[in-house]
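Student: The primary structure of each chain is shown beneath.
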Amino acid sequence: MALDGHTPGGPLAEKWDRHRFDLKLVNPANKRKHSVIVVGTGLAGSSAAATLAELGYNVKSFCIQDSPRRAHSIAAQGGINAAKNYQNDGDSVYRLFYDTIKGGDYRAREANVYRLAQESVNIIDQCVAQGVPFAREYGGTLANRSFGGAQVSRTFYARGQTGQQLLLGAYGSLMRQVHAGKVQLYARHEMLELVVIDGQARGIVTRDLTTGKIESHSADAVLLCTGGYGNAFYLSTNAKGCNVTASWRAHRRGAYFANPCYTQIHPTCIPVAGGFQAKLTLMSESLRNDGRVWVPEQSGDGRSPDQIPENERDYYLERRYPSFGNLVPRDVASRAAKQACDEGRGAGGTGRAVYLDFADAIHRDGEALIRQKYGNLFQMYEEITNENPYRTPMRIYPAVHYTMGGLWVDYNLMSNLPGLFVLGEANFSDHGANRLGASALMQGLSDGYFVIPYTLGGYIGGSPMQEVNTSHPAFVDAENEAKSRIDALLAVNGKRTVDDFHRELGLLLWDHCGMARNATGLTEARQRVREIRDEFWQNVTVSGSPGELNQALERAGRVADFMEFAETMIQDGLERDESCGGHFREEHQTEEGEARRDDENFAHVSAWEFNDVDKEPTLHKEALEFQNVALTQRSYK
Amino acid sequence: MSERKNCGGGCHHGASHEGAGSSGEPAERRLNEMSVRLRVWRQKSADDKGGFEEYDAPRLTKDMSFLEMLDVVNEDLQRQGDEPIAFDSDCREGICGTCSLVIDGVAHGHGRGTTTCQIYMRSFKNGATITIEPWRAKSFPVVRDLIVDRSAFDRIIASGGYNSVNTGSAADANATLVSQARSEEAFDAAACIGCGACVATCKNASAMLFVSAKVKHLNTLPQGQPERRERTVAMLKMMDDEGFGHCTNEFECEAVCPKEISVEHIAFLNREYLRSRLIATGLRPVVTEE
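Quick mapping for you: the protein sequence lines, in order, are chains A and B.
Heads up: the first sequence is residues 1 to 637, going by the numbering used here.
Heads up: the second sequence is residues 638 to 927, going by the numbering used here.
Derived by calculation from the structure, the hints in this document are not laboratory data.
Any given hint could turn out to be false.
[Stated by the list, open to error] Simulated crosslink set (EDC-like; lysine to aspartate or glutamate; CA at most 16 Å straight-line):
1) A:K483 / A:E467
2) A:K637 / A:E318
3) B:K686 / B:E770
4) B:K762 / B:E670
5) B:K699 / A:E383
6) A:K213 / A:E382
7) A:K483 / A:E215
8) A:K84 / B:D809
9) A:K621 / A:D410
10) A:K495 / B:E720
11) B:K699 / B:E670
12) B:K775 / B:D684
13) B:K775 / B:D786
14) B:K699 / A:E387
15) A:K637 / A:E591
16) A:K621 / A:E609
17) B:K681 / A:E548
18) A:K33 / A:E467
19) A:K483 / A:D208
20) A:K373 / B:E821
21) A:K615 / A:E564
22) A:K495 / B:D719
23) B:K681 / B:D786
24) B:K699 / A:E382
[To be verified] Covered, in the sense of this in silico footprint (three residues per stretch, anywhere, with C-beta under 8 Å from a C-beta of chain B), are these stretches of chain A:
25) 47-55
26) 63-69
27) 238-247
28) 274-280
29) 331-339
30) 457-469
Built from N, CA and C at the ideal position, the CB exists for glycine as well.
Based on the sequences and whatever the hints tell you, model everything.
Tutor: The structure is reproduced here in C-alpha cells:
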C-alpha cells in the first residue's frame, strides 16, 4: 500500500507557511481542556512538553531517568546547525536544506528538510534567550565552526558540551511549567504499552521503576520522543538506558517502523578495548577539523606510530577526497576506516583502529591553542586509554552512534495512528540514510519547539474524539499485557544473563548489519536472531520480583524488544537492495568503493507494519519525490 | 549493620565476556589482570536498615572502568541466582550526572574532575579492598542499595533555575552582545551536571554549590537579568525547604566536583542574596534561619 506523507502543496519555500495557515487552531480557553502525554525528556521531549504547556495544554511528561535533565541528548558534544549566515560565507536556508538532503543520500522528504532548515534560525534565538552560553567572538557575537560534511561555518557550539547546554535550557523551560502546574512530571517511569481506542492513540501504560507499579494514563494525544535504537548493537555511544521499547510497543500496536536499517556509524570513537566493554565513547567530530587521519601504507606494519616516517603513511581521506579531506561526512569516513583496517593496515594492538594525528596542528598552532580547543576531549581520551594524545596520535574506530530510521510520521510528525506523534531521533523523517554532524540537536529542537505546537493543534482542533478515561477496557487489556510480559520474563528462570544475550545480539548485528551488509550475511543473521530470541525466552535469568526497583527486569524487557526489533532491521536491510548513506550493501558499490544508489527502484521510504513475532512484517512504501534537487551521485572528492 | 560474606571466589567469566575485538597478547593480558574485594552498601528499600556486604571480584582487567567492574560482579551474582547490586549510571562518559557512588569515602572516588563512570580500575592496587556507598544526605533518601532520590534538585530548579521566556518570543540571537569573557564565566558555572556529589560530601549536606552554579550561570548573562533577584531568593528558599544544610566554607564540594565548579560561585550567591534582600521592593524578606 502506498503511504501518503501529507506534504502540503505549493513552492518549497512556502509550504510550511501555507500549511500553518491551513491548520486548525485551538483557542486558548479550549487548550486548557486538552491533555497531552509526552514520553521522553531529551531535546525533543523537553522542548515539546514545555512549549505545549506554555500554550495552555495539560501535559504529562515521562522519563526513565531519575531526572529529565539526564536524557541522552545531554551527551551530544559538537554543535547545532543553523542557517543564520552570521559568517557571511555563503550559507542560506536553501544551502542547509540542500546539504542535508544530499548528506542523507536523497532518502529524506524534501519538504520536511526544508522546514527544518527554516526553523533552524529560530532555535538559536530561543536558546540564547534561555541563557545557553554558546561560544562567542571577542566582540560579543556568536561564534561558528564548520562541521563534518559542510563547507560553510554554520555550527553553533558550547565548548564540547552543546547537547548539555541545550538540554539544560529545555529542561529549565520544562521545570518552569512543572512549577506553574501545567506539566506533571513522572521521572523513573517507563512506557510499556500504547493504548489505542477507536483507531486513535489515547494513552499509555507505564511502570514506576521505583515501586514496580503498573499505571495507566489517558490523554488526547501521545508524543513519543524516546530516541533511537542504537543500543540494539549492545556497544554504541548511546547511554546504557537508551532503548527501543516505547517505539517498539507502539509499533506492535500498529505504528509503522520506517527505514530501520539506517544506522549511523560514527567515525571518531575510542576503539573497543576488551570483551567487558559496556559502551563506547565518542570523540567529537570537531577533532577532524585539526586532526589528520592516517594508517600505515603497508599492511601488517607493526611499528609504533612515531616509528613510521611520513612517506610511509597513508592519509587516506585527504588522498581519496581532496576537496573535503578529513571533513567528509560520517558514513564516508567510517567506511574508509573499515576498508583500511580490512586491508590489514589498522593501527594499535587490535588492528581495528586508525590514527587521528594532531602533530601538524600542534606544530602549526602551538599546543596551547589545541589544548584550548580540545582540552576536555584530550583529557577524556587519556583517562580512558592511558595514552597522551599530545604526544602520540589518537586511535579511533567507528561505532554505532545514531539511528536515522524510526517510527514513520507524516509532515505533521504524526504516525499512521492518529494522535500518535513521534519527534526527534525516534522518528525517521529528516536525515534520510545518513545524518550530517550537528543536525540531530537541530531536528530535536525544531520538532519540539516549532513544529509540534502547530501540528498538534491542527490534530486536536480538527479531530473529533470521545471522552475516555483509564477505566476503558483498552487500558485494562494493555495493563494486563504489560504485567503478563513481566511475569513471563521472571518465570523463565534460566542460566544466561540479559547482558549476555544482548552482547550476542549486538555482535551479530555489528557483523552482518553494521558498516557493510550483504544478502548472504543478512539472511543468516535473520535466522540467527530468531534462534537467539528463542533461547532468550527459554534460558534467560532475571532475578528479583516485579513490585520493586529491579534493574535486571528493566533490562530484560528492553532486550526482549531489541530481539524482536532486530529482525525487522535486518529484513529492511535485506529488502533495500541498494547502497545509500549509512546503508552499504556490498553488492552495490562503484569501482572506487563508494555507495551506489538505485533511485529507479528505491527512492522510497520503507515503512513496516507489524503482524506478529515470527511473522513477516508488511511493507508499505512512501515514494520520495524530488522536485527541487537533482539526484546525483554524492561526491566529496 | 550486618556484615556477611556472600560471594566467595566462585565468580567465573564465561566466553560471553569475549565480545568484539578482544585486545592484546596473552602475556600482556596477564600483566593487565587484577582482582579486588568489595565492601558494598546493600539496602533493599528506603525503609530497610541496610548494611555492608562483601564480594570478591577476581579476574578483572586494569582497562575496565569502575562501573564495568560492577557490571561483571553483577553478572556473576545473577548467574548464581543472587540479586545484583543496584546502582545508577547512564551515559558513562561523565556528562549525564547519573552515576553517584562514594568510593572509599570519596564521592566519585579519588581522581580530580571525574565522575564515578570515569574511574578506571588501573587506579586501584591489585588485591585492594574497595568500599562503595551511596550518596548520604537527608535530602537524598536511599531508594535501593546505591541508588538515591535526587528529585530535590529538580524542585530547586523548578523554583527559579531558568529564564522565563516562552517559545517564539526571542529576539535575534546576535541582538544582545555578550563578551567572550562573560560568556565563558557563565559557562564555567553552567557546566554543573547536577550529580549531587557536592551534597554527598558536605558535612552539612548543603546544596550551595549546586544552587550557586545555576544562579551564577543565569545571573551573569544579560538574558538572566530580569529575574535575577527573584531567582536567587526563590532557589535558596527551596533549598532550605528541601532540608539541605548551609555552607560553612569547608570547600569539600569543590574538591569532589567532577566538573570542578568553583566555590567562588558560593560567594557570588551570597552577594546576590544580600543584594536581592537589600534592594527588593515589594518582596517579603525571606527568613532562611531555622
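Student: Compare the structure with each hint and give your call.
Tutor: Okay, the hints, checked on the actual structure:
1. Using a Cα cut-off of 16 Å, the hinted pair A:K483 and A:E467 is violated, with the two alpha carbons roughly 26 Å apart.
2. For the hint linking A:K637 to A:E318, the alpha-carbon distance of about 9 Å falls within 16 Å, and the restraint holds.
3. For the hint pairing B:K686 with B:E770, the CA-to-CA distance comes to about 14 Å; that is within 16 Å, so the pair holds.
4. Proximity of B:K762 to B:E670 is assessed by CA-CA distance (about 11 Å); at most 16 Å being required, the pair is judged to hold.
5. This hinted pair checks out: B:K699 and A:E383 have alpha carbons roughly 12 Å apart, not beyond 16 Å.
6. Restraint check for A:K213 and A:E382: the C-alpha separation of about 43 Å exceeds 16 Å, so the hint is violated.
7. At most 16 Å may separate the alpha-carbon atoms for a hinted pair to count; A:K483 and A:E215 meet this at roughly 10 Å.
8. For the hint linking A:K84 to B:D809, the alpha-carbon distance of about 10 Å falls within 16 Å, and the restraint holds.
9. Simply put, A:K621 and A:D410 have alpha-carbon atoms about 13 Å apart, close enough for the 16 Å limit, and the pair holds.
10. The hinted pair formed by A:K495 and B:E720 meets the criterion: a straight-line CA distance of about 14 Å does not exceed 16 Å.
11. With a CA separation close to 6 Å, the supplied pair B:K699 and B:E670 stays within the 16 Å bound.
12. A hinted pair counts as satisfied when its Cα atoms are at most 16 Å apart, and B:K775 with B:D684 qualifies at roughly 14 Å.
13. In summary, the hint linking B:K775 to B:D786 is supported, as the alpha carbons are separated by about 10 Å, within the 16 Å threshold.
14. The suggested pairing of B:K699 with A:E387 holds, with an alpha-carbon distance near 14 Å, which does not exceed 16 Å.
15. Distance check on the hinted pair: A:K637 and A:E591 sit about 15 Å apart at the alpha-carbon level, within 16 Å; holds.
16. Note on A:K621 and A:E609: the hinted pairing holds, with a Cα-Cα distance of about 11 Å set against a maximum of 16 Å.
17. At roughly 9 Å between alpha-carbon atoms, B:K681 and A:E548 fall within 16 Å of each other, so this suggested pair holds.
18. At roughly 11 Å between alpha-carbon atoms, A:K33 and A:E467 fall within 16 Å of each other, so this suggested pair holds.
19. For the given pair, A:K483 sits about 12 Å from A:D208 by alpha-carbon distance, which is consistent with the 16 Å threshold.
20. Straight-line distance between C-alpha atoms of A:K373 and B:E821 comes to about 13 Å, which keeps the hinted pair within the 16 Å bound.
21. A threshold of 16 Å between alpha carbons decides the hint, and for A:K615 with A:E564 the separation of about 11 Å falls inside it, so the pair holds.
22. Proposed proximity of A:K495 and B:D719 is supported: the alpha carbons are some 12 Å apart, at most 16 Å.
23. With a CA separation close to 14 Å, the supplied pair B:K681 and B:D786 stays within the 16 Å bound.
24. With a CA separation close to 14 Å, the supplied pair B:K699 and A:E382 stays within the 16 Å bound.
25. Only residues whose C-beta sits within less than 8 Å of a C-beta in chain B count toward coverage, and the segment 47-55 of chain A has 4 of them, enough to reach three; the restraint holds.
26. Counting residues of the segment 63-69 of chain A whose CB lies closer than 8 Å to any CB of chain B gives 5, which reaches the minimum of 3, so the coverage claim holds.
27. Given a C-beta distance limit of less than 8 Å, the hint that chain B covers the segment 238-247 of chain A holds, as 3 residues qualify and 3 suffice.
28. Coverage of a stretch by a chain is defined here by at least three residues with a beta carbon nearer than 8 Å to that chain's beta carbons; for the segment 274-280 of chain A and chain B the count is 6, and the condition holds.
29. Under the rule that three or more residues need a Cβ within less than 8 Å of chain B, the assignment of the segment 331-339 of chain A is violated, with 0 such residues.
30. Proximity of the segment 457-469 of chain A to chain B, defined as three or more residues with a beta carbon under 8 Å from a beta carbon of that chain, is not established by the 0 residues found.
In this structure, the earlier hints numbered 1, 6, 29, 30 are contradicted, and the remaining ones agree with it.
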